[in-house]
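**Q** Going by our numbering, the first residue of the sequence shown is number 1, and it counts up by one from there.
Simulated from the structure, these hints should not be mistaken for lab results.
Note that CB positions come from ideal geometry on N, CA and C, so glycine has one too.
The reader is advised that the hints may include incorrect statements.
Derived lysine-lysine pairs resembling DSSO-like cross-links, with alpha carbons at most 27 Å apart [claimed, not checked]:
no., residue 1, residue 2
1, K15, K54
2, K85, K211
3, K85, K61
4, K13, K115
5, K165, K65
6, K51, K85
7, K214, K13
8, K51, K65
9, K125, K85
10, K18, K165
11, K85, K65
12, K32, K214
13, K65, K32
14, K125, K61
15, K125, K43
16, K32, K125
17, K125, K51
Pair ranges (Cβ atoms, derived) [what the hints assert, rightly or not]:
no., residue 1, residue 2, range
18, N109, Q71, 37 to 43 Å
19, T171, E47, 34 to 40 Å
20, G37, D209, 18 to 24 Å
21, I44, S185, 16 to 22 Å
22, Y4, A210, 22 to 28 Å
23, T161, T14, 37 to 43 Å
24, D112, A74, 50 to 56 Å
25, K43, L176, 24 to 30 Å
26, D120, A181, 17 to 23 Å
27, L69, D156, 39 to 45 Å
28, Q64, P106, 17 to 23 Å
29, I17, E143, 16 to 22 Å
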Amino acid sequence: MYQYLEEELDLLKTKVIKMGSLVEEQLEFAVKSLFEGNLEMGKIVIERDSKVDKYDVKIDKLCQKIFALTQPVAVDLRLIMSALKINNDLERMGDIAVNIAERAEPLANNIDLLKRVQLDIMAEKVMTVVQKAIDSFVNNDHEIALSVIKSDDIIDEMDRTIFYKLIDEMTKDSSLVNAGAHSISLLRHLERLADHSTNIAEEVIFLVDAKIIKHKNNLDNLDIKSEEII
Numbered sequence: 001m002y003q004y005l006e007e008e009l010d011l012l013k014t015k016v017i018k019m020g021s022l023v024e025e026q027l028e029f030a031v032k033s034l035f036e037g038n039l040e041m042g043k044i045v046i047e048r049d050s051k052v053d054k055y056d057v058k059i060d061k062l063c064q065k066i067f068a069l070t071q072p073v074a075v076d077l078r079l080i081m082s083a084l085k086i087n088n089d090l091e092r093m094g095d096i097a098v099n100i101a102e103r104a105e106p107l108a109n110n111i112d113l114l115k116r117v118q119l120d121i122m123a124e125k126v127m128t129v130v131q132k133a134i135d136s137f138v139n140n141d142h143e144i145a146l147s148v149i150k151s152d153d154i155i156d157e158m159d160r161t162i163f164y165k166l167i168d169e170m171t172k173d174s175s176l177v178n179a180g181a182h183s184i185s186l187l188r189h190l191e192r193l194a195d196h197s198t199n200i201a202e203e204v205i206f207l208v209d210a211k212i213i214k215h216k217n218n219l220d221n222l223d224i225k226s227e228e229i230i
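With these hints in hand, go ahead and build the complete structure from the sequences.
**A** Here it is, written out as structure tokens:
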């Protein structure tokens, strides 16, 4: 029975990793579509969203199957619990990739605005956080997970700064109101991506260390500097 459980857990981790790779690629395509004005890449993201959804369902069903047929404990139980939560975050990140891709067309003529307020820089930072969060799960890496969690404050500060820059741009030039509204929506999507990445990192800490770190509790003694992630 334990060999069966090990095989199922290996399959579960493999599926979550594959889903993570797909979501990461979806986000990369969406960001390129937006900042390079490549609408075809955006269409690919939208078309492939159903593939992300299928992974979501398969992972949920596999977790249910493992619970029904085995009695996982300790690290095995933590892997299943973490996989369920990470799967949920990845599915939402996939939806955000679609939302970003959908902004490519209405913002195609305002890429200069996005770069002027440094949304491109924030997108790059967020993508780094996303990649690190997924890598932390792939490698069961406690240190990378901690650095993702501690990067959240920097992303939040960028979010606030860019928001006020966008308000200033719209105030100075009323013709930018529509583009500004789409840009604020994009900003919110990027910030949520960072939040989902933090959620994934918290689950990795739970999986590896059997510690619950949520709402920035228990971070006082961490020695990882947030600058190390971005």
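**Q** Each hint: holds or not?
**A** Status of the hints after comparison with the structure:
no.	hint	in the structure
1	K15 x K54	holds (11 Å)
2	K85 x K211	holds (15 Å)
3	K85 x K61	holds (13 Å)
4	K13 x K115	violated (38 Å)
5	K165 x K65	violated (50 Å)
6	K51 x K85	holds (19 Å)
7	K214 x K13	holds (23 Å)
8	K51 x K65	holds (21 Å)
9	K125 x K85	holds (23 Å)
10	K18 x K165	violated (37 Å)
11	K85 x K65	holds (16 Å)
12	K32 x K214	violated (32 Å)
13	K65 x K32	violated (38 Å)
14	K125 x K61	violated (34 Å)
15	K125 x K43	holds (24 Å)
16	K32 x K125	holds (14 Å)
17	K125 x K51	holds (26 Å)
18	N109 x Q71: 37 to 43 Å	violated (59 Å)
19	T171 x E47: 34 to 40 Å	holds (38 Å)
20	G37 x D209: 18 to 24 Å	violated (44 Å)
21	I44 x S185: 16 to 22 Å	holds (21 Å)
22	Y4 x A210: 22 to 28 Å	holds (24 Å)
23	T161 x T14: 37 to 43 Å	holds (40 Å)
24	D112 x A74: 50 to 56 Å	holds (54 Å)
25	K43 x L176: 24 to 30 Å	holds (26 Å)
26	D120 x A181: 17 to 23 Å	holds (18 Å)
27	L69 x D156: 39 to 45 Å	holds (43 Å)
28	Q64 x P106: 17 to 23 Å	violated (40 Å)
29	I17 x E143: 16 to 22 Å	holds (19 Å)
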